[in-house]
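S.K.: Assembling the complex is the task here: the two chains are given apart, and the hints tell you how they should meet.
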Amino acid sequence: MWNFIAKRVLYLIPLLVGVSLLTFLLMSLTPGDYFTELEQNPQISPETLADLRAKAHLDKAWYVRYGYWLAHAAQLDFGYSIANKRPASDLIFERLWNTFLLSFAATILAWGIAIPLGIAAAVRRDGFADRACSLLAFAGLSVPEVLLALFALMFAASTHWFPIGGSQSSDYYLMNGRQLFFDKLHHLILPTLVLGASELAGIMRQMRSNLLDTLRAEFVTTARAKGVSEGLVIYRHALRNAINPLLTLFGYSLASLLSGAFIVENVMAWPGLGRLTMESLSKKDHELVVASVVMATALLVVGNLIADLLLAWSDPRIRLK
Amino acid sequence: MSAATPSPPGHGNVDAVPRSPGQIFRERLRRKKIAMVGAAILAILYTLSLFAGFFAPYPYDRIDKERSFHRPTGLCFQGGRLSVRLYKKVAEPATYEASADGSAAALRFFAKGEPYTLFGFLKCSTHFLGVDHPDAPLFLLGADQFGRDILSRLLYGSQISLSIGLIGITLSLSLGMLIGGYAGYVGGGVDFTVMRVCELIMSIPGLYLIMALRSVFPASLSSTLVYIIIVAILSFIRWASSARVVRGMALSLRERPFVLAARALGQTRVRIVLKHILPSTFSYVIVAATLSVPYYILGEVVMSYLNVGIQEPEASWGLMLNAAQNHQYVQDYPWLLAPGGAIFLTVLAFNFLGDGLRDAADTKSA
Chain Y
1 MWNFIAKRVL YLIPLLVGVS LLTFLLMSLT PGDYFTELEQ NPQISPETLA
51 DLRAKAHLDK AWYVRYGYWL AHAAQLDFGY SIANKRPASD LIFERLWNTF
101 LLSFAATILA WGIAIPLGIA AAVRRDGFAD RACSLLAFAG LSVPEVLLAL
151 FALMFAASTH WFPIGGSQSS DYYLMNGRQL FFDKLHHLIL PTLVLGASEL
201 AGIMRQMRSN LLDTLRAEFV TTARAKGVSE GLVIYRHALR NAINPLLTLF
251 GYSLASLLSG AFIVENVMAW PGLGRLTMES LSKKDHELVV ASVVMATALL
301 VVGNLIADLL LAWSDPRIRL K
Chain G
1 MSAATPSPPG HGNVDAVPRS PGQIFRERLR RKKIAMVGAA ILAILYTLSL
51 FAGFFAPYPY DRIDKERSFH RPTGLCFQGG RLSVRLYKKV AEPATYEASA
101 DGSAAALRFF AKGEPYTLFG FLKCSTHFLG VDHPDAPLFL LGADQFGRDI
151 LSRLLYGSQI SLSIGLIGIT LSLSLGMLIG GYAGYVGGGV DFTVMRVCEL
201 IMSIPGLYLI MALRSVFPAS LSSTLVYIII VAILSFIRWA SSARVVRGMA
251 LSLRERPFVL AARALGQTRV RIVLKHILPS TFSYVIVAAT LSVPYYILGE
301 VVMSYLNVGI QEPEASWGLM LNAAQNHQYV QDYPWLLAPG GAIFLTVLAF
351 NFLGDGLRDA ADTKSA
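Heads up: the protein sequence lines correspond to chains Y and G, in order. Counting in this note's numbering, the first sequence runs from 1 upward without gaps. Counting in this note's numbering, the second sequence runs from 1 upward without gaps.
Pulled out of the complex, with its shape left as it was, chain G reads as follows (with noise of 0.2 Å):
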């Protein structure tokens, strides 16, 4: 049930020291690679989203209609330095092509830019990147139909992908292990309505019931009300499942000596489901969480790309591929799909975690 059991004889190593089942659990982890790589690339994607500003070369909502659709600038070198290519404009609409001379712009680490603020209250205006020409873009991964940096979106919109995931996992599962675990362990009514009420919830196709949730409130709202309210559809929804997991783990931990001992001694029942059948439900509850964080993340993309999750000028990742909506676009502007690579790679880092925090936890298997 927990990660506490050893392993067991014949399987692990007998060492001299016994060790604890969270170093047990640590170091299996540590030998899965392929977790630890899907560790490295969240590590960094967090990294990134957190110094969105710095790492932006523009603001998010910095419109430059004269350069709509500018494809991804090249770089090279010149003169020793890392440099930018410049692009002239050859046809209308938005056909760019580098300039025959070969001429680019230099670029410049730690260069002044256009203010922003970090984490919500440092003012800054040093970028990571910076180009001094006045007349050089520098588009790393091409502009949308704005002449909208499609890089710096992408790194803005990663605050909103990346933090729905946890928000959302921290909320529907305290409230899936609260309700569960309690429910469980209490049984009679309250357990047969809380059980029915998940039963309905998960018998509509997800989609269908997030889409009627999200039409009770009106269209459009300001970005913040729209994302809390899609952290709170998208939880709604998700905690019946764990609910009825940690419920069923519950039901047999309450016959456990442990719980019946809490009970001898009088404690409380809210007592008992918080301090002693939910801390052994923590090892699913760590691998459910990790494995259901891109259901989050998906989930805003979809309604983004609907056109009922967040709204312009915002950036999010679904919404950034709903401009690929148009196939004409995508065909002539394959970069305006970019979102839809960091998506993937977001989900994947995710899922490389969590099974290997399952295998991990899992101590049937050698």
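This is chain Y alone, in the form it adopts within the complex (with noise of 0.2 Å):
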């Protein structure tokens, strides 16, 4: 099991080095840099602006710079966000959290409904509980989140029940811990339903199935030969048995609970990574996207690895080497 784990977390760094390799790369290819904006303006002497380049080390080649950054980020230090005049690492670390935050109370929300909806929409199979289930998928599978936070933004607005995008009052220097939890808690909801709602579809279906599938198995007929009642047939036989397939997708479903995340945070103004992404693009802060997708793929491998260890941790059939 540690032998596993250690292997996976080194396996992490090629990884990482090479995901951040791959944007450098990006980035350096991209037309014109933070300073190219100022070239328009007739005050600053082109001297200035090699000065400021020079500066920021932005004369340099990219293989150069990206010796330096990968070095500083070997000791934690993910470089420096020229546009706001702080290390990258401060931004991001703040950012993630609200990335990470965001992502799990979606999390929680969409798996919290969908394993029930699933079971309900499996015992009763054909039924009408069944068939308004996958009625509901279809339509969850099929709605752009755009769109759902569009309403939901709609919503609040109409109904001034929720706050309009944003992570936080503008008087939140005013307010004192409790005051500030509740707050952000407030600011969060929203965005948490729209994300989640987007998840919820895949899990539903895929217990829906799993249960189904566990339901055909000859240990639940020897259950239901033996006279064990219907209710601990399905609860204690075939349940625990279906749950384990979902920890995978629940790896799988990362990776679109991310992108999901990066969506809903730049349409409902939510301060995460996907939007500091968004506008370090657009202000050509380099160093600060590098930083921010190193971290977002991070976020992703790391999340993987944390599925695996569920998975072997509740399924004793599976070894971890």
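Accuracy of the hints is not assured; some may be wrong.
[Said to hold, decoys possible] Here are some of the chain Y residues that sit facing chain G, going by a computed Cβ distance under 10 Å:
1. T107
2. I108
3. P271
4. L273
5. L300
[Stated by the list, open to error] With beta-carbon atoms standing in for the labels, derived distance ranges:
6. Y:N3 / G:G187: 24 to 30 Å
7. Y:M175 / G:P93: 32 to 38 Å
8. Y:R131 / G:L82: 17 to 23 Å
Since the hints were derived computationally from the structure, they do not count as laboratory data. Note that the structure is predicted; figures quoted are calculated from it, not measured. Glycine is no exception: its CB is placed at the ideal position from the N, C-alpha and C atoms.
M.R.: As structure tokens, then:
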């Protein structure tokens, strides 16, 4: 077990280096840099610009800059954001926390609703509940997150029950700890609903088909033949075995969760990593882009690792090597 | 693996005349009502899109500043003819009310209107619907900020949204099949390298990579170029996952007798991959293709919505949704969300069809 974790963590390093190299290369290929905008300004002489670029090391070749960046990244310093005049790490961790919070809340919500619905659909196969759930699943899989987020904003604007976007009220600096917590929670509700709703459908369908598969298994027939009550058969025998494949799905769904969070963050102005990436891309703040992409990737791979560990923990037949 | 295995005894009906795998597949598919509904919706949507110029009452860029945010025009019967109501602006900004006297202008089918080109070369000026009255706009789904007809823009925009999926799928699947099939068949160093590259691409959360790739190109380009860039980026990211699956299939297929026979006959590697390995993966590929078309449609929507995709004055569904970004607008003029409905319908239809195809191709179930 520990061996497996150590191996996977070691494997993360070349992967993240590869991702940072790819993003750095892409950023060096982008036309212009942070100072390009200033070129239009007649008050700034070309010499000053060259000076500014030299100070930001933008006059060096990209691989030289990448070498510097990598050496610093090894010490958890992910470069410097020229646009914000702050170390990228400060910005990233703030935003990473927001993205994590949103994704985590949405996951809890989606799984909490999808699993009971999936069970209900499987138990009453082809019944009304099943059909309604399957229709709901199709709708959930097909509705674009952008549209859901726009609906949520529209809802917030017309009822005034929820804030319209953002993650904190404008007077947050006047609040004490408790108020801050509830303010954040209040802002979190709508983005969570949007992201959770779009994740729900896939999990529900998977739960239903897993449970249906297990209900066909021989040990379920045996349990029924012994005269075990139907409730016990479903909840004690079948359900426990149907949960395992879902943990694999959890690993897979992380990628779509992060992409979904990217959309929700950008449409609903939730200050997470995705929004930071878009902001820094438009300002051509390249080191910050690299840092955000690397962090988002790290979030995804670590999530996958956790999913694998959960699977091993819940299914004793799996031996991790 | 393929649709070739007939249904196991005791499940399927035993016919006197043996049926080909294709026939069995088609019959199973025809029994899936929901898949047929999806196929029908798609047929209608693609027809509308192909003849967008004909079905759209106006060109996508016809601006009518006097009628910004015009409400959807209602239809009524007047003098036995289908007519469109007339509206008056009663307040600024953009509040319209139907004329009190109930006046309306008669609709005309196959009316002459502004010229357009069909399929890029056929010059034409007959529209499906038109109004004679010079003062009567035909905004069946309302108008946007610049007084452009939303229905017309929706139809022209569908040419982008609906074609992007088909082209993207063709690109990424052929790339994925060729690379994955070859890597799986050859194995060794090629396989190792290809799989590490796939893992690298797949481990970056999709939209982060899309946006980083997009920023390599200048922000403002002609719409055709942007379209090509969007397709290229989306396919570049997507080929990795299909390459992995096809590679897994190729890995098991290469040990099959028919592949060994081909090798014994001295066929080249490329030929074996193309002629023997890849055809056996078709049933997976068709299902995967149908189910991943929405990825391309939604990819374009997100990119255009975030202003890095198709640019004004061209129409695309994502770009049109961008106008709904302002929540004040959406509250007052909810018809701005119409492209959202179009996206939903299209993606739903693809999911219906893909789901049916998957069930029909899955020969293990009854």
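S.K.: Hint check: is the beta carbon of T107 (chain Y) less than 10 Å from a beta carbon of chain G?
M.R.: Violated. Min distance 15 Å.
S.K.: Is the hint on L273 (chain Y) kept, meaning its closest Cβ partner in chain G is under 10 Å away?
M.R.: holds (8 Å)
S.K.: Can the hint on P271 (chain Y) be confirmed by a CB-to-CB distance to chain G that is less than 10 Å?
M.R.: violated (16 Å)
S.K.: The hint says 32 to 38 Å between M175 (chain Y) and P93 (chain G); measuring C-beta to C-beta, is that right?
M.R.: Because 37 Å falls inside the window, the suggested range holds.
S.K.: Within 17 to 23 Å or not, the Cβ separation of R131 (chain Y) and L82 (chain G)?
M.R.: This hint is violated: roughly 37 Å between Cβ atoms.
S.K.: A range of 24 to 30 Å was offered for this pair. Does it hold for the Cβ distance of N3 (chain Y) and G187 (chain G)?
M.R.: At roughly 27 Å between Cβ atoms, G187 (chain G) and N3 (chain Y) fall inside 24 to 30 Å, so the hint holds.
S.K.: Once the shortest beta carbon distance from I108 (chain Y) to chain G is found, is it less than 10 Å?
M.R.: violated (20 Å)
S.K.: Do the numbers back the hint for L300 (chain Y), that is, is its least Cβ distance to chain G under 10 Å?
M.R.: Nearest chain G Cβ about 5 Å off; hint holds.
Consistency note: the structure conflicts with the earlier hints numbered 1, 2, 3, 8.
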